[in-house]
Amino acid sequence: MRSTVSQRTLKRVNRWKLVALLSLLGGCFLIILSVENLLLSSLIAFVVSYTFGPGVNFLERHGTSRTLGTLILFALGGGMMLLFFWGIAPYLGETLLRLKDDMPRFIEGVSRFISELESRVQGIAGPLANIDLTSRVETVLTTNTSRFFEGLPSYLKTFITVMLLGPFLAFFMVKDGRTMMRTVLGLVPNHLFETALSMLSQINTQIGQFVRARLLESIIVGLVTSAGLFMISFPYAVLLGITAGVTNLIPYLGPIIGAVPAFLIATVNQYSSLDIALVATVYIVAQLIDAGFLIPLLVAKIVDLHPVTVIIVMIIGAQVLGILGMIISIPVASTMKVVVSTLYRHMIDTRT
Amino acid sequence: MNFMWDNLFRRTDQGQEVFEALRQTFVFQTLSKKELRFVQDTVHVRGFKAGEAVFRQGEVGVGMYILLRGSLDIFVDHPVEEELPPRSHLVTRLKGGDFLGELSLVENNSRRTATAIAAEDSILIGFFKPDLLEILERQPATGVKILFRLSEVLGRRLKETTVKVTELKEEVRRMSERV
Numbered sequence: 001m002r003s004t005v006s007q008r009t010l011k012r013v014n015r016w017k018l019v020a021l022l023s024l025l026g027g028c029f030l031i032i033l034s035v036e037n038l039l040l041s042s043l044i045a046f047v048v049s050y051t052f053g054p055g056v057n058f059l060e061r062h063g064t065s066r067t068l069g070t071l072i073l074f075a076l077g078g079g080m081m082l083l084f085f086w087g088i089a090p091y092l093g094e095t096l097l098r099l100k101d102d103m104p105r106f107i108e109g110v111s112r113f114i115s116e117l118e119s120r121v122q123g124i125a126g127p128l129a130n131i132d133l134t135s136r137v138e139t140v141l142t143t144n145t146s147r148f149f150e151g152l153p154s155y156l157k158t159f160i161t162v163m164l165l166g167p168f169l170a171f172f173m174v175k176d177g178r179t180m181m182r183t184v185l186g187l188v189p190n191h192l193f194e195t196a197l198s199m200l201s202q203i204n205t206q207i208g209q210f211v212r213a214r215l216l217e218s219i220i221v222g223l224v225t226s227a228g229l230f231m232i233s234f235p236y237a238v239l240l241g242i243t244a245g246v247t248n249l250i251p252y253l254g255p256i257i258g259a260v261p262a263f264l265i266a267t268v269n270q271y272s273s274l275d276i277a278l279v280a281t282v283y284i285v286a287q288l289i290d291a292g293f294l295i296p297l298l299v300a301k302i303v304d305l306h307p308v309t310v311i312i313v314m315i316i317g318a319q320v321l322g323i324l325g326m327i328i329s330i331p332v333a334s335t336m337k338v339v340v341s342t343l344y345r346h347m348i349d350t351r352t
Numbered sequence: 001m002n003f004m005w006d007n008l009f010r011r012t013d014q015g016q017e018v019f020e021a022l023r024q025t026f027v028f029q030t031l032s033k034k035e036l037r038f039v040q041d042t043v044h045v046r047g048f049k050a051g052e053a054v055f056r057q058g059e060v061g062v063g064m065y066i067l068l069r070g071s072l073d074i075f076v077d078h079p080v081e082e083e084l085p086p087r088s089h090l091v092t093r094l095k096g097g098d099f100l101g102e103l104s105l106v107e108n109n110s111r112r113t114a115t116a117i118a119a120e121d122s123i124l125i126g127f128f129k130p131d132l133l134e135i136l137e138r139q140p141a142t143g144v145k146i147l148f149r150l151s152e153v154l155g156r157r158l159k160e161t162t163v164k165v166t167e168l169k170e171e172v173r174r175m176s177e178r179v
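Residue numbers (our numbering), protein chains in the order written: chain A, 1 to 352; chain B, 1 to 179.
By construction, these hints were calculated from the structure, which means they are not laboratory data.
The beta carbon of each residue, even a glycine, is placed where N, CA and C say it ideally should be.
Honestly, I wouldn't trust all of these hints.
The calculated lysine-lysine pairs, modelled on BS3-like cross-linking and capped at a C-alpha distance of 30 Å, are [said to hold, decoys possible]:
#	chain 1	residue 1	chain 2	residue 2
1	B	Lys34	A	Lys11
2	A	Lys175	B	Lys34
3	A	Lys100	A	Lys157
4	B	Lys49	B	Lys95
5	B	Lys159	B	Lys145
6	A	Lys175	B	Lys95
7	B	Lys49	B	Lys145
8	A	Lys175	B	Lys33
9	B	Lys145	B	Lys33
10	A	Lys17	B	Lys145
11	A	Lys17	A	Lys337
12	A	Lys17	B	Lys49
13	B	Lys95	B	Lys145
14	B	Lys95	B	Lys164
15	A	Lys337	A	Lys100
16	B	Lys145	B	Lys34
17	A	Lys175	A	Lys157
18	B	Lys33	A	Lys11
19	B	Lys169	B	Lys145
Computed spacing ranges between beta-carbons, pair by pair [claimed, not checked]:
#	chain 1	residue 1	chain 2	residue 2	range
20	A	Leu92	B	Leu154	55 to 61 Å
21	B	Leu154	A	Val260	55 to 61 Å
22	A	Thr64	B	Lys164	26 to 32 Å
So here's chain A without its partners, still in its complex pose (with noise of 0.2 Å):
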């Protein structure tokens, strides 16, 4: 009982510690990849406890137990969805209908902008700008269009799927997460155990604030959207609102992204230069919210990442994940942010 282990044999002991602790993890996160929608499940699952953890806490807080609180909170959430969809399932169904019938001409006038487009440029620069892109983006954008309407079925099972599993681990991520993160901590060798508890608590804080408050940002930014094109009657309001929410997840490109379809449909509906303007002075006034107010008031400072780094991060994870990858790269890149400093803190610790 009193022999004292050698310092040799307790860092060949840590070691394969830690060995075990990361190719469990790795495990873990190879199984996420490669199960069909376990990613975006788990992605789901993740926003939505970190969207329901502080209400939890609050009921918490003033006596209920955690499964009743989760239970309560997850039923008022899952209630709200479905109204929300019950509400808006005929509307957005309607919509992809017309948007279906539209295509073609949407197609045809975008050809025709892009061929005026091509003349115009060929005048100025005489044949060395023969370029022929008109055919070249019909052709794209007609495969793309048929593909998306063809594989809708498909989508929207992913996205029921998505919708149930994601929930579903969320339910017990909220309920259970932390005696799940107090056995994944067991694990930890000795000598590293406080560094990865103070890690993996700033890297909750952190990351939980981001979510909530992107999320809130994305919904503010959505709805201002919806409602300044509502207001000037402009079609598909509700689902280029939705659109802008969504994309205004991508730092920096996704405002610009998220306003394309817009002005696509008022140039091939040949809108007057006043409703083009219109249109532009919505989505001037959410992105003025946005940056004016959102952003200083809800999200600077919470991740604190250099410019040049944000627009880095997002290209890689652009290249690995496409729009996903976008959206997910902030938040993966302040969690690696501070993984990294936590362990240079630790190693100059403990080598002083």
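Model the placement of chain B on the given structure of chain A, informed by the hints.
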């Protein structure tokens, strides 16, 4: 089969042991049974081999430890000469029920002021700043009780330190008079 049952009951025994240790620790003495159960679900039970360091002097600490089983040697490093490594000096040996490192619970970027090494195979209960913050977030009344007791401990330590500093000052004054 017996081995399985042994393990099952050992775990329950340890749970009870942790509960008792928390109940007897000064910081948690004012908590009700329900509150103690909540704290028990928050703390971390860690095993250390004889000779293994719990923490080292100068490292950043994030919380306190309560000694559940075994014993800990507390060393303080004293610098000898600039180029030589500091010499460690055994200050005390802690036994079951003792607690250490409570200052780290309230101080930001707190550095450990001594090194704690397990004198034999030991089991410790770790209670850290993120755990305290979670208790304050989920059950503020419990958190406030803990913080109140913690400030009592820190106040008592401050008083002891003030008395020691006064004694040392007196000693220095007397020595300088003699010189």
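The hints, checked one at a time:
1. B:Lys34 - A:Lys11: Violated, because 40 Å separates the two Cα atoms, which is more than 30 Å.
2. A:Lys175 - B:Lys34: Holds - the C-alpha atoms of B:Lys34 and A:Lys175 are around 18 Å apart, at most 30 Å.
3. A:Lys100 - A:Lys157: holds (19 Å)
4. B:Lys49 - B:Lys95: Satisfied, since the Cα-Cα distance of roughly 15 Å is no more than 30 Å.
5. B:Lys159 - B:Lys145: holds (21 Å)
6. A:Lys175 - B:Lys95: violated (36 Å)
7. B:Lys49 - B:Lys145: violated (33 Å)
8. A:Lys175 - B:Lys33: OK: A:Lys175 and B:Lys33 at ~22 Å, within 30 Å.
9. B:Lys145 - B:Lys33: OK: B:Lys145 and B:Lys33 at ~13 Å, within 30 Å.
10. A:Lys17 - B:Lys145: violated (37 Å)
11. A:Lys17 - A:Lys337: holds (24 Å)
12. A:Lys17 - B:Lys49: holds (14 Å)
13. B:Lys95 - B:Lys145: holds (25 Å)
14. B:Lys95 - B:Lys164: With Cα atoms ~24 Å apart, B:Lys95 and B:Lys164 stay inside 30 Å; holds.
15. A:Lys337 - A:Lys100: violated (44 Å)
16. B:Lys145 - B:Lys34: With Cα atoms ~13 Å apart, B:Lys145 and B:Lys34 stay inside 30 Å; holds.
17. A:Lys175 - A:Lys157: At roughly 27 Å apart (the allowed maximum being 30 Å), A:Lys157 and A:Lys175 satisfy the hint.
18. B:Lys33 - A:Lys11: Outside the cut-off at roughly 40 Å; violated.
19. B:Lys169 - B:Lys145: At roughly 36 Å apart (the allowed maximum being 30 Å), B:Lys145 and B:Lys169 break the hint.
20. A:Leu92 - B:Leu154: 55 to 61 Å: holds (60 Å)
21. B:Leu154 - A:Val260: 55 to 61 Å: holds (60 Å)
22. A:Thr64 - B:Lys164: 26 to 32 Å: Since the Cβ atoms of A:Thr64 and B:Lys164 sit about 48 Å apart, the hinted range of 26 to 32 Å is violated.
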